[in-house]
Amino acid sequence: MASDTTMAQPGTLAAPAAAFIAPAGYWKLVRRRLLRDKTTLFVTAMLVAIVFISLAAPWVTSYDPYQGSIMLRLKPIGTPGHWLGTDETGRDIWTRLCYGGRLSLLAGVVPVAVSLVVGSFLGIVAGFVGGRIGTLIMRTMDVFYAFPSILLAVAICGLLGNGLTNSIIALAVVFIPPMVRIAETVTAQTRQLDFVEAARAGGTSTMQIIRHHILSNVLGTILVYATSLISLSIILSAGLSFLGLGVTPPQAEWGLMLNSLRQAIYVQPYVAALPGLLIFVTSMCFNLMSDGLRGAMDVRLNR
Amino acid sequence: MLLFSLRRLMLAIPTLLGVSLVVFGLVHIAPGNPIDMLMPPEASPEAIAQMKIAYGFDKPLYIQYFLWLGHAAVGQFGLSVFNATPVWDQLVVALGNTVQLALLAAFFGFGFGIVLGLLSAAYYGKWPDKLFSAITTAGVSLPHYWCAIVLVMLCAVLHDWLPAQGMGDDSLPFYERLQYMILPVVTLMLIPMGVIGRLVRARVLDIISQDFVGALSAKGLTRWPVLRHIIKNAAPPVLALMGLQFGYLLGGSILIETVFNWPGSGNLLNLAIFRRDIPVLQATILVLATFFVLLNLAVDVIQAAIDPRIRR
Amino acid sequence: MAKTGALDPRDRGGKAQPLLTVQNLRKHFPVRGGVLNRVKATVHAVDDVSFSVRKGETLGIVGESGCGKSTTARLLMQLIAPDEGTLIFDGDEVGATGGISVAAMRRQMQMVFQDSYSSLNPRMTMVDSIAYAPHMHGVPKRRAYEEAESLLAQVGLNPQQHARRYPHEMSGGQRQRVNIARALALEPRLVILDEAVSALDKSVEAQVLNLLRELKARFDLTYIFISHDLNVVEYVSDRVMVMYLGQVVESGPVEAIYRQPRHPYTRALLASKPSMDPDKRTTAMPLTGDPPNPIDPPSGCRFRTRCSYARDICAAAIPPLAPPMVDDGPAEHLVACVVPEAQEGRVLTHA
Numbered sequence: 061m062a063s064d065t066t067m068a069q070p071g072t073l074a075a076p077a078a079a080f081i082a083p084a085g086y087w088k089l090v091r092r093r094l095l096r097d098k099t100t101l102f103v104t105a106m107l108v109a110i111v112f113i114s115l116a117a118p119w120v121t122s123y124d125p126y127q128g129s130i131m132l133r134l135k136p137i138g139t140p141g142h143w144l145g146t147d148e149t150g151r152d153i154w155t156r157l158c159y160g161g162r163l164s165l166l167a168g169v170v171p172v173a174v175s176l177v178v179g180s181f182l183g184i185v186a187g188f189v190g191g192r193i194g195t196l197i198m199r200t201m202d203v204f205y206a207f208p209s210i211l212l213a214v215a216i217c218g219l220l221g222n223g224l225t226n227s228i229i230a231l232a233v234v235f236i237p238p239m240v241r242i243a244e245t246v247t248a249q250t251r252q253l254d255f256v257e258a259a260r261a262g263g264t265s266t267m268q269i270i271r272h273h274i275l276s277n278v279l280g281t282i283l284v285y286a287t288s289l290i291s292l293s294i295i296l297s298a299g300l301s302f303l304g305l306g307v308t309p310p311q312a313e314w315g316l317m318l319n320s321l322r323q324a325i326y327v328q329p330y331v332a333a334l335p336g337l338l339i340f341v342t343s344m345c346f347n348l349m350s351d352g353l354r355g356a357m358d359v360r361l362n363r
Numbered sequence: 004m005l006l007f008s009l010r011r012l013m014l015a016i017p018t019l020l021g022v023s024l025v026v027f028g029l030v031h032i033a034p035g036n037p038i039d040m041l042m043p044p045e046a047s048p049e050a051i052a053q054m055k056i057a058y059g060f061d062k063p064l065y066i067q068y069f070l071w072l073g074h075a076a077v078g079q080f081g082l083s084v085f086n087a088t089p090v091w092d093q094l095v096v097a098l099g100n101t102v103q104l105a106l107l108a109a110f111f112g113f114g115f116g117i118v119l120g121l122l123s124a125a126y127y128g129k130w131p132d133k134l135f136s137a138i139t140t141a142g143v144s145l146p147h148y149w150c151a152i153v154l155v156m157l158c159a160v161l162h163d164w165l166p167a168q169g170m171g172d173d174s175l176p177f178y179e180r181l182q183y184m185i186l187p188v189v190t191l192m193l194i195p196m197g198v199i200g201r202l203v204r205a206r207v208l209d210i211i212s213q214d215f216v217g218a219l220s221a222k223g224l225t226r227w228p229v230l231r232h233i234i235k236n237a238a239p240p241v242l243a244l245m246g247l248q249f250g251y252l253l254g255g256s257i258l259i260e261t262v263f264n265w266p267g268s269g270n271l272l273n274l275a276i277f278r279r280d281i282p283v284l285q286a287t288i289l290v291l292a293t294f295f296v297l298l299n300l301a302v303d304v305i306q307a308a309i310d311p312r313i314r315r
Numbered sequence: 031m032a033k034t035g036a037l038d039p040r041d042r043g044g045k046a047q048p049l050l051t052v053q054n055l056r057k058h059f060p061v062r063g064g065v066l067n068r069v070k071a072t073v074h075a076v077d078d079v080s081f082s083v084r085k086g087e088t089l090g091i092v093g094e095s096g097c098g099k100s101t102t103a104r105l106l107m108q109l110i111a112p113d114e115g116t117l118i119f120d121g122d123e124v125g126a127t128g129g130i131s132v133a134a135m136r137r138q139m140q141m142v143f144q145d146s147y148s149s150l151n152p153r154m155t156m157v158d159s160i161a162y163a164p165h166m167h168g169v170p171k172r173r174a175y176e177e178a179e180s181l182l183a184q185v186g187l188n189p190q191q192h193a194r195r196y197p198h199e200m201s202g203g204q205r206q207r208v209n210i211a212r213a214l215a216l217e218p219r220l221v222i223l224d225e226a227v228s229a230l231d232k233s234v235e236a237q238v239l240n241l242l243r244e245l246k247a248r249f250d251l252t253y254i255f256i257s258h259d260l261n262v263v264e265y266v267s268d269r270v271m272v273m274y275l276g277q278v279v280e281s282g283p284v285e286a287i288y289r290q291p292r293h294p295y296t297r298a299l300l301a302s303k304p305s306m307d308p309d310k311r312t313t314a315m316p317l318t319g320d321p322p323n324p325i326d327p328p329s330g331c332r333f334r335t336r337c338s339y340a341r342d343i344c345a346a347a348i349p350p351l352a353p354p355m356v357d358d359g360p361a362e363h364l365v366a367c368v369v370p371e372a373q374e375g376r377v378l379t380h381a
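Chains as they are written, first to last, in the working numbering: chain F, 61 to 363; chain H, 4 to 315; chain P, 31 to 381.
Derived by calculation from the structure, the hints in this document are not laboratory data. Don't take every hint at face value.
To be verified - Capping the alpha-carbon separation at 25 Å, the derived lysine-lysine pairs in BS3-like fashion look like this:
no.: 1; chain 1: H; residue 1: K129; chain 2: F; residue 2: K98
no.: 2; chain 1: P; residue 1: K232; chain 2: P; residue 2: K85
no.: 3; chain 1: P; residue 1: K70; chain 2: P; residue 2: K85
no.: 4; chain 1: F; residue 1: K88; chain 2: P; residue 2: K45
no.: 5; chain 1: P; residue 1: K70; chain 2: P; residue 2: K45
no.: 6; chain 1: F; residue 1: K98; chain 2: H; residue 2: K133
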């Protein structure tokens, strides 16, 4: 059969219009595109820095995040020893911000991770199996879709009581329906493509089809969507704490800090803006990173 | 078309029932007995028993649900536990206040969004487009409650331009009461503006890049028909998003209303949570969610009227 | 691997036994609608279709779009479950006790789809796609890939250049060659080509057709070739089957059908075929109007609503496939028409 290779005549059939593309795996291509994307690299570096500072909080600051001093209440930005000022009980703002990153990031990322797992499972089942099970899942999701996201989160949190766990549960419930919908749509679209039929014709089992043909085509879309949700999740989880429904005092969390510093806005206007600024920057970094990822993972885009 | 509307309505009914079940169920999943939340801890057992009967808590859960649903369907949500005024009356006033803000924010947000989206599509790749893209990317990531605080800081704390709290007294002249609305409206309109602007830009660019617009231009059509064609094709998704955004303005303004102390439905909900005022809480969530469902229904029907492809 | 001449060890009944026999295949799809989404009607996609495919031949299936050609293909592959009907693969009934299983049949029967892009997983390279099914069936990875590369060469693609490419980096013709290679990777005996060349440019189409002919000889294959293109079907087929609204209206050797069509529908179809030779352009009536809705097909002969020979008897019962009444042609020529004038194609004097 080796002699048959002589039959191959490269170029006789519609020669490829573009230059020969080096044989590279898909993920290699994605990585190469990402490495060329300066914005994405920059925001990723920012995020790494934010995560690092939060984790290393005890080493980047010498103050205790819970121990304040009555003498040092509401000092302005630039106070010697407290370069970002102090809060209403005299605790160092910089310290609180560093420690606050831990809870804020946790409360923002975990709900998305939970909804990613639960949502894509339900969505793939609904999209692949369809029928009554699919309808049941999708109708149930429609019910949760009927609530504006903040309203649902506030309602769940308000009734379950405040606290980090409840805030995570509330946001996961908010994010599962859109995740299911995306996963269901992409799965249903992929399922009806001929290559799935071809795989079935080749005797591939349902589980193998889901693993090898559906997941690889669906997961990318879901992952990109999930990263874009982190941004919203951080805003909403901080918002819940801001309302007093999330993380409880005296813990350090950006939304909670924003709320308590807001009360003192007439005394120290600028300090009040700081935690919110961090929420904003972090959420924007996640947003831009998600955009970059989406661009890099688009197969049809040959950049 | 009528068939489509009817079918869509039929789909909304189970959704609404599901919503009511969730709202009802949440209260019962919540830790603690609802009676304990209503009564002071030192209440006598007789008082508690009386209260149970008064609120129907002695009956089986499903009967409680149907009783509550039946009353809710005619707007009877009982009395507030906190101040014993009818829940419905409180809700109507609060909703009215929220709708005022939402309408204004929608008007300006959608308007500016469309204009900015069209402009950046027209100047695709040039500096106005880049500026707008930067603004909207920032806008989507903006915690709007923080934005509200910054606006308060700028306009009410550092300068004495605008009032920062409440909605003013009824006795004030109209233009002065209007001043109270400026900051909340500006804050609320930012997100719809960014979101709508982005979509308009994307849709217009998408339609322009498709061959048939080129074909239309090639046929010697002047610019206006081409524009009309673009609008007709871009409208359905933009409209759908507008419906959704208006729903968020109505149901999701709890954070902004809290910052500005605006006596709307979000504020009512927030107070109800802290006062453990279950009847008010349930009623507010149920009514807001119902609004949202009906709004989506209306958008679907309007969308189908514009674009026959959506009808099935 | 070349099998020319040698008897396929999987052959069970010898050359004379049909490779695939299809009996009374039927598939109706429910149509839902109305406010309550109830089943309102059924589409008679494939209705009581019987035929057989001989070893080594190419059976062409032609008909207008929507006549049930593709549904038939998917029913044969068991990609959708038939409502009724039996498949007998080389003497073994598929799915019956004592017969062969669906999985076993699929290994010997493969399909090439029309859309060359969507039938390849966009996240898999060409060799991945070709080697996938054999690997799933237990061929060691290394060997599966080696064989995939040699198959690429067999279908006229340079493995060094194309093996690691993704579908979007290939042209339509190249992708379709890969699809053919993938179908061959399981070493099937029967390949169903469902409009496999219809989406290609004419020049590429010809190259792929020639490739198919070569492969058929080299691997001793049997083809079911489904197409709406009469010229292509004439070029590749040994026998032809004409379908109309989910039923077979005529079948027989390609020369007989093309030279002496017996069913008025076949005649109309051939008359509408663009001929290369202006002298051969016929004046026979072309097909007018759209085919009737398959949701509610006419009683009796389904073509009668568009047939100028139609009479009362046509509405009474579905005409059976039978040898032409006025024929001296090959015995296997079958036609589903009960009107002698229609079979002869006599020009009607009245009207």
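Discussion item. So, against the hints stated earlier in the document, which numbers end up violated here?
Written reply: Failing hints, ascending: 2, 3, 4 and 5.
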